[in-house]
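The task is simple: from the sequences and hints, build the whole structure.
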Amino acid sequence: MHKIFKASVTASIMMAALAIAGSAAARDGNYTPVGTWKTIDDASGKPKSLVVITESNGVLQGKIEKLFRGPNEEQNPKCDKCTGANKDQPIIGLVILSGLKYDGKEWTGGEITDPASGKVYKSKAELIEGGTKLQVRGYVGVPMFGRSQTWVREE
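Count the sequence shown with mature numbering (1 follows the signal peptide of the UniProt record, and there is no 0) and you get residues -26 to -1, 1 to 129, in order.
Calculated directly from the structure, the hints in this document are not laboratory data.
Please note: incorrect hints may appear among the correct ones.
[To be verified] Computed beta-carbon distance windows for the label pairs: (1) Lys37 - Ser91: 16 to 24 Å; (2) Pro64 - Val116: 26 to 34 Å; (3) Glu47 - Val126: 30 to 38 Å; (4) Thr106 - Asp77: 31 to 39 Å; (5) Lys52 - Glu103: 30 to 38 Å.
[Stated by the list, open to error] Here are the simulated EDC-like pairs of lysine to aspartate or glutamate, each with C-alpha atoms no more than 16 Å apart in a straight line: (6) Lys55 - Asp88; (7) Lys37 - Asp88; (8) Lys12 - Glu47; (9) Lys107 - Asp15; (10) Lys12 - Glu128; (11) Lys37 - Glu103; (12) Lys75 - Asp62; (13) Lys75 - Glu103; (14) Lys40 - Glu128; (15) Lys107 - Glu80; (16) Lys107 - Glu128; (17) Lys75 - Asp54; (18) Lys107 - Asp88; (19) Lys37 - Glu128; (20) Lys107 - Glu129; (21) Lys20 - Glu47; (22) Lys96 - Glu85; (23) Lys75 - Glu100; (24) Lys12 - Glu129; (25) Lys52 - Asp62; (26) Lys79 - Glu103; (27) Lys40 - Asp15; (28) Lys61 - Asp88; (29) Lys20 - Glu128; (30) Lys79 - Glu100; (31) Lys52 - Asp88.
Just so it is clear, the structure is predicted and the values come from calculations on it, not from any experiment.
The beta carbon of each residue, even a glycine, is placed where N, CA and C say it ideally should be.
Structure representation (structure tokens):
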């Protein structure tokens, strides 16, 4: 009986250690949103932009690094529908994602700007498919009143 109890305690300690390590791993390597992400146009399914996500003091920020534009489209558009400090700023270099903090499973409490409409939404993000994709959700009020996009990690 003593051996069974000892084995059970050992197994419990190992499982707890793995859970803690797994939580830490969620913020390391491919289990962090830090890096470059390709956004995909909802309508066409084609790449739309590259967003670089950085982390400072546990808070994520995402900036547009590149736009994939057709030859007949403005190559350096400005955010003419944005308000405040972003009004008429170049979309390339625009911070569109800010304030996201890790809460143990996903990154929450942030904001995302849609440069096409100039609107700012609350946001959250979650890594999926082993960290190769990022599910980004913009919403008004509560997450169920919004929409999600899946961004693909650039290697």
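Each hint, compared with the structure:
1. Lys37 - Ser91: 16 to 24 Å: Holds, since Lys37 and Ser91 (Cβ atoms, about 19 Å apart) stay within the stated range.
2. Pro64 - Val116: 26 to 34 Å: 33 Å, holds
3. Glu47 - Val126: 30 to 38 Å: For Glu47 and Val126 the Cβ distance comes to about 22 Å; the hint is violated.
4. Thr106 - Asp77: 31 to 39 Å: 21 Å, violated
5. Lys52 - Glu103: 30 to 38 Å: 34 Å, holds
6. Lys55 - Asp88: Distance of about 9 Å is within 16 Å: holds.
7. Lys37 - Asp88: This hinted pair holds, its Cα atoms lying about 12 Å apart.
8. Lys12 - Glu47: 19 Å, violated
9. Lys107 - Asp15: 15 Å, holds
10. Lys12 - Glu128: OK: Lys12 and Glu128 at ~6 Å, within 16 Å.
11. Lys37 - Glu103: 23 Å, violated
12. Lys75 - Asp62: 28 Å, violated
13. Lys75 - Glu103: Violated - the C-alpha atoms of Glu103 and Lys75 are around 20 Å apart, more than 16 Å.
14. Lys40 - Glu128: 12 Å, holds
15. Lys107 - Glu80: 13 Å, holds
16. Lys107 - Glu128: 9 Å, holds
17. Lys75 - Asp54: Violated. Lys75 to Asp54 sits at ~29 Å, over the 16 Å cutoff.
18. Lys107 - Asp88: Outside the cut-off at roughly 20 Å; violated.
19. Lys37 - Glu128: 14 Å, holds
20. Lys107 - Glu129: 11 Å, holds
21. Lys20 - Glu47: 15 Å, holds
22. Lys96 - Glu85: Roughly 4 Å between the alpha carbons, so the hint for Lys96 and Glu85 holds.
23. Lys75 - Glu100: OK: Lys75 and Glu100 at ~11 Å, within 16 Å.
24. Lys12 - Glu129: 10 Å, holds
25. Lys52 - Asp62: Status holds; Cα separation ~5 Å.
26. Lys79 - Glu103: 14 Å, holds
27. Lys40 - Asp15: 14 Å, holds
28. Lys61 - Asp88: 12 Å, holds
29. Lys20 - Glu128: 14 Å, holds
30. Lys79 - Glu100: Holds - the C-alpha atoms of Glu100 and Lys79 are around 7 Å apart, at most 16 Å.
31. Lys52 - Asp88: The given pair, whose Cα atoms are some 12 Å apart, holds under the 16 Å limit.
Against the hints set out earlier in the document, violations occur for numbers 3, 4, 8, 11, 12, 13, 17 and 18.
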